[in-house]
Amino acid sequence: MIYFDNSATTRPYNEVLDSFVKVSSEFFGNPSSLHGLGLQAEKLLTQARTQVANLLSVKPTEIYFTSGGTESNNLAIKGTAMMHKNKGKHLILSSVEHPSVRGAMEQLQKLGFDITYLPVDQYGRVMVEDVKASIRKDTILVSVMHVNNEVGTIQPIAEIGKLLRQYPTILFHVDAVQAVGKVHLNLTEDGVDLCSFSAHKFHGLKGTGALFIREGTRLGPLLSGGNQEWKVRSGTENVAGAVAMAKALRMTMVKGELGIEKMKRVKSLLREGLARIDDLTINTPLENTAPHILNFSIKGVKAEVLIHTLEQTGIYLSTTSACSSKKQLPSQTLLAMGVPDDLADSAFRISLSYDNTEDEARMVIKAIEKGAKQLRKVMKLHEL
Amino acid sequence: MNYDRILIRYGEISTKGRNRKKFVDKLRKSVRIALASFPKIKIRAERDRMYVLVNGENVDEIIKSLKNIFGIQSLSPAIRVEKDLDQMKEAALSLVKSLYKEGQTFKISPKRSDKTFELDTSGINHTFGGYILENIPGIKVDVKNPDINLKIEVLSEAIYMSCENILGAGGLPVGSSGKAMLMLSGGIDSPVAGYLTMKRGVEIEAVHFFSPPYTSERSKEKVIDLAKKLAEIFGSMKLHIVPFTAIQQSIKEQIPENYSMTTTRRFMLRITDEIRRKQEGLAIITGDNLGQVASQTLESMYAINDVTNTPILRPLLTMDKNDIIKIAKDIDTYDISIRPFEDCCTIFVPSSPKTKPKKEKVQHYESFFDYEPLIQEAVENTEMLTIRPDSKEQPSEFDDLF
Numbered sequence: 009m010i011y012f013d014n015s016a017t018t019r020p021y022n023e024v025l026d027s028f029v030k031v032s033s034e035f036f037g038n039p040s041s042l043h044g045l046g047l048q049a050e051k052l053l054t055q056a057r058t059q060v061a062n063l064l065s066v067k068p069t070e071i072y073f074t075s076g077g078t079e080s081n082n083l084a085i086k087g088t089a090m091m092h093k094n095k096g097k098h099l100i101l102s103s104v105e106h107p108s109v110r111g112a113m114e115q116l117q118k119l120g121f122d123i124t125y126l127p128v129d130q131y132g133r134v135m136v137e138d139v140k141a142s143i144r145k146d147t148i149l150v151s152v153m154h155v156n157n158e159v160g161t162i163q164p165i166a167e168i169g170k171l172l173r174q175y176p177t178i179l180f181h182v183d184a185v186q187a188v189g190k191v192h193l194n195l196t197e198d199g200v201d202l203c204s205f206s207a208h209k210f211h212g213l214k215g216t217g218a219l220f221i222r223e224g225t226r227l228g229p230l231l232s233g234g235n236q237e238w239k240v241r242s243g244t245e246n247v248a249g250a251v252a253m254a255k256a257l258r259m260t261m262v263k264g265e266l267g268i269e270k271m272k273r274v275k276s277l278l279r280e281g282l283a284r285i286d287d288l289t290i291n292t293p294l295e296n297t298a299p300h301i302l303n304f305s306i307k308g309v310k311a312e313v314l315i316h317t318l319e320q321t322g323i324y325l326s327t328t329s330a331c332s333s334k335k336q337l338p339s340q341t342l343l344a345m346g347v348p349d350d351l352a353d354s355a356f357r358i359s360l361s362y363d364n365t366e367d368e369a370r371m372v373i374k375a376i377e378k379g380a381k382q383l384r385k386v387m388k389l390h391e392l
Numbered sequence: 009m010n011y012d013r014i015l016i017r018y019g020e021i022s023t024k025g026r027n028r029k030k031f032v033d034k035l036r037k038s039v040r041i042a043l044a045s046f047p048k049i050k051i052r053a054e055r056d057r058m059y060v061l062v063n064g065e066n067v068d069e070i071i072k073s074l075k076n077i078f079g080i081q082s083l084s085p086a087i088r089v090e091k092d093l094d095q096m097k098e099a100a101l102s103l104v105k106s107l108y109k110e111g112q113t114f115k116i117s118p119k120r121s122d123k124t125f126e127l128d129t130s131g132i133n134h135t136f137g138g139y140i141l142e143n144i145p146g147i148k149v150d151v152k153n154p155d156i157n158l159k160i161e162v163l164s165e166a167i168y169m170s171c172e173n174i175l176g177a178g179g180l181p182v183g184s185s186g187k188a189m190l191m192l193s194g195g196i197d198s199p200v201a202g203y204l205t206m207k208r209g210v211e212i213e214a215v216h217f218f219s220p221p222y223t224s225e226r227s228k229e230k231v232i233d234l235a236k237k238l239a240e241i242f243g244s245m246k247l248h249i250v251p252f253t254a255i256q257q258s259i260k261e262q263i264p265e266n267y268s269m270t271t272t273r274r275f276m277l278r279i280t281d282e283i284r285r286k287q288e289g290l291a292i293i294t295g296d297n298l299g300q301v302a303s304q305t306l307e308s309m310y311a312i313n314d315v316t317n318t319p320i321l322r323p324l325l326t327m328d329k330n331d332i333i334k335i336a337k338d339i340d341t342y343d344i345s346i347r348p349f350e351d352c353c354t355i356f357v358p359s360s361p362k363t364k365p366k367k368e369k370v371q372h373y374e375s376f377f378d379y380e381p382l383i384q385e386a387v388e389n390t391e392m393l394t395i396r397p398d399s400k401e402q403p404s405e406f407d408d409l410f
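For the record, the sequence lines run as chains A and B. Take 9 as the starting number for the first sequence in my numbering and just add one per residue. Take 9 as the starting number for the second sequence in my numbering and just add one per residue.
You may find that some hints are simply not true.
[Stated by the list, open to error] Under 10 angstroms between C-beta atoms, here's a sample of chain A residues computed to sit facing chain B:
1. Phe35
2. Leu42
3. Gln55
Treat the hints as calculated values from the structure; they're not laboratory data. Computed from a prediction, not measured in an experiment: that's the story for all the values here. Glycine is no exception: its CB is placed at the ideal position from the N, C-alpha and C atoms.
Could you put together the complete structure from these sequences and hints?
Set out below in C-alpha cells:
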C-alpha cells in the first residue's frame with residue numbers, strides 16, 4: 009500500500025495507540041473525581057497539557073483540549089463572536105479557508121455578523137495589504153489558515169500578525185491543522201491569539217485536538233456543562249486522547265528534524281516526474297509551500313475515476329480535500345487562485361508523511377501516467 | 009539589536025562591607041540556577057557588577073529570568089565594541105535607533121575609566137551625539153529628562169554601550185541571611201510570606217501538616233505545587249510533610265471545642281520548631297495577617313506563641329488582603345492556592361473558635377493529657393521531600409506514556 013493521503017488523515021503511531029489503550033484501561037478515572045483514580049487522571053491530563061504546551065513553546069494554561077480541528081475552529085470563531093459581539097460584528101477570513109472556518113463564519117452571518125473574504129493571488133496566498141484594507145472599526149476577528157489544505161500554500165502569518173498588533177481589539181485566529189510538524193509557527197512572536205490543532209493529522213487519534221488561546225483572551229464556550237477546561241469546553245476530558253496527542257506531537261517533532269527534509273525530496277521528485285506527464289498541470293506553487301502537499305490537475309481526466317483506478321493498485325491519494333471531495337464540487341481554493349473550471353474540476357492532491365519514500369514516489373508517478381493514458385483512451389472511445 | 013551581554017547591578021549587596029564576597033557568590037549561584045536552561049551563557053562576577061555573556065542565547069528570555077532574582081537592583085542589555093570610532097558610531101546609532109520612537113529625546117552618558125582613550129567625555133558627547141543627530145531626523149537632545157539614555161563606558165579592555173535600564177526584583181540573594189522554616193498550609197498567604205522572606209535573603213524549608221483521610225492527596229499535591237513555585241527561586245526546596253491525623257483526633261477528643269483551634273496551632277508550632285531544630289534553622293515564618301481570622305488576633309498569637317521562643321516571622325502581618333493577593337498572582341501561586349481542597353486548618357474547624365483565647369486556659373486544658381509522645385511520633389514520621397521546580401526534564405511516573 010502506498011498511502012499518499014496524509015492531509016486527510018494519518019495512520020496513528022503504534023506507540024500512540026499503546027498509550028491510548030493503557031491510559032483508557034488503567035487510568036480510566038474522571039479527572040474531576042476526588043479520589044485517587046481521579047487524581048491520577050488529572051495528573052495525566054496536566055502532563056499532557058504541559059507537554060503539548062512545551063512543544064509549541066506556549067504556556068500550559070493556554071492549551072485547551074477539544075475534539076479536533078473542526079471544534080477548535082468553531083470554538084475560536086463562535087467563541088470570539090459570542091464574547092466580543094458588543095465590540096463589533098465584523099469578521100474577516102481568507103477565501104481559501106477550511107469548511108469548518110467558512111461554515112462557522114457563514115452561520116454567524118445568518119445571525120447578523122458581517123464577514124469579509126480576503127482574495128488570494130495566483131499562488132493561493134493572502135496579501136497583507138488586503139487584510140489591512142478589510143479592517144473596519146467593528147472588526148473583532150481575522151482568521152487565516154497557516155497551510156492551505158488543498159494546495160499547501162503557506163500564508164504570511166507573521167506579517168499578518170505584525171499588522172494586527174496595531175489593532176489590539178482584533179483577535180487573530182490561525183488554523184494550523186495542516187502545519188503541525190511540517191511548517192514552523194511561532195505563536196508568540198507571530199502575534200497569534202487563537203490557533204487550532206488536530207491530532208489525527210500528526211499520527212494521533214481522531215476526536216482529539218487543541219485550541220491555543222493566548223493568556224488574557226476570552227472566549228464564550230460552545231459547550232456548557234461541568235466547566236472543564238477552565239469553563240471554555242465542558243465535557244469529561246478525553247484523558248487517553250490527550251495523552252496520545254501529546255505523545256504523537258512529541259514523536260512528530262522529533263521525527264520532523266529529518267522527516268521534513270525527506271518529505272521535501274519526495275515532493276520535488278514527484279513534482280518533476282508528474283510535470284512531464286502530458287496535459288498535467290501542477291497547481292501547487294513552487295515556493296513558500298508546505299513540504300507535504302502537492303496538487304495537480306490532468307486535463308480531460310475525471311479525477312474520481314483515476315482515484316479508483318489507482319486504488320486498485322494499492323495507491324491512495326485524493327481529489328482536493330477530503331472534506332469537500334464528497335460534495336463533488338470543484339476545489340474552492342483552486343477557483344480562488346484563478347485556475348480554470350475544467351482544471352479545478354480535475355484536481356488531485358498528494359499529501360505525504362515522514363514515512364513516504366522516493367521509491368513510492370517513482371511508483372506513483374508511473375501509475376498516474378499509465379492510468380491517465382488509459383482513461384484518456386476510454387474517454388476518446390466514448391466520444392466516438 | 010544584537011546585545012552580547014547583560015550587565016547586572018547589585019542592590020543592597022554593594023553596601024555590605026566585608027560580607028560582600030559571600031553575597032556576590034550567592035547571587036552568582038542564583039543567576040546560574042535561574043539561567044540553567046541557557047547552556048551557552050557565561051557569568052562573570054566582579055566586585056561591583058556582574059555580566060552575563062549571552063553567547064547567542066535569547067536575550068529577552070534571559071532578562072525575563074533575571075528579573076525574578078533577588079539581589080539584583082537593575083540590569084541592562086549591553087554591547088561590547090572595540091575601541092574604533094567608526095565601529096562605535098555604528099553601534100551607538102543602531103542602539104538608539106532600535107528604541108527610538110518619533111519625537112523622543114536622548115542624551116549620552118559617557119564614563120571614561122580608561123584615561124588613555126583618544127576622546128575625553130565631552131569629546132565622546134560631541135562625536136556620538138552629533139552622529140546620532142545627523143542620522144536620526146527629528147531626534148532632539150535633552151540632558152535633563154531624556155527618553156533614551158545612551159551609556160558609553162570606556163574601560164581599558166573595550167567599550168560597553170547600553171540604553172535600557174531594567175528594574176530587578178531587589179532584595180538580597182537567597183541564602184545570604186540564613187535559614188528558616190515556613191509553615192505552608194496551601195492557602196493564599198503562606199506562599200507569599202515565604203516569598204517575601206526569601207526576598208530578604210532567607211533560605212526556607214517548608215513544613216506542611218497532612219491529615220489523611222480528612223485531607224486528600226490532592227491537598228498534598230497542591231502544597232507540592234506551591235513548593236515547586238517557591239523552589240524556582242533557589243533551584244530546590246525541602247518540604248516536610250507532617251502526619252497530623254492522630255494529633256488532630258486527640259485534640260478533638262480532649263480539648264473543649266472553642267479552644268481546639270488554639271491548641272492545634274500550638275502543636276503545629278511545636279512540631280515545626282522541632283523540625284527547625286533538627287534542620288538548624290533560625291526562625292519560623294507564618295502567613296499570619298493580623299485580624300483575618302480567629303487564630304490571627306493578637307490574643308491568639310500570644311497564646312500560640314507561648315510554646316516557643318524561636319523568632320516567629322510574620323511578613324504579612326500588616327498587609328491588606330488585596331495586596332497579598334496581588335503578590336500571590338505575581339508569583340503564580342494564587343491559581344494553585346485557590347484550588348478547592350481542604351487543608352488541615354479547614355477541617356475540624358470549631359463553629360465558634362475563641363478569638364481571644366487565654367494562655368493560662370489553654371495550658372490548663374492541655375495538661376490533662378500527655379501529648380508529648382504524639383508530637384515526637386509526628387516529628388519522627390515526618391516525610392522530607394526535596395522539591396524542584398517543574399521542568400521539561402523532570403521524570404514522572406507516567407513518562408513511558410508520553
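Exercise. Find the hints from earlier in the document that the structure breaks and name them by number, from lowest to highest.
Key: Hint check: nothing fails, all pass.
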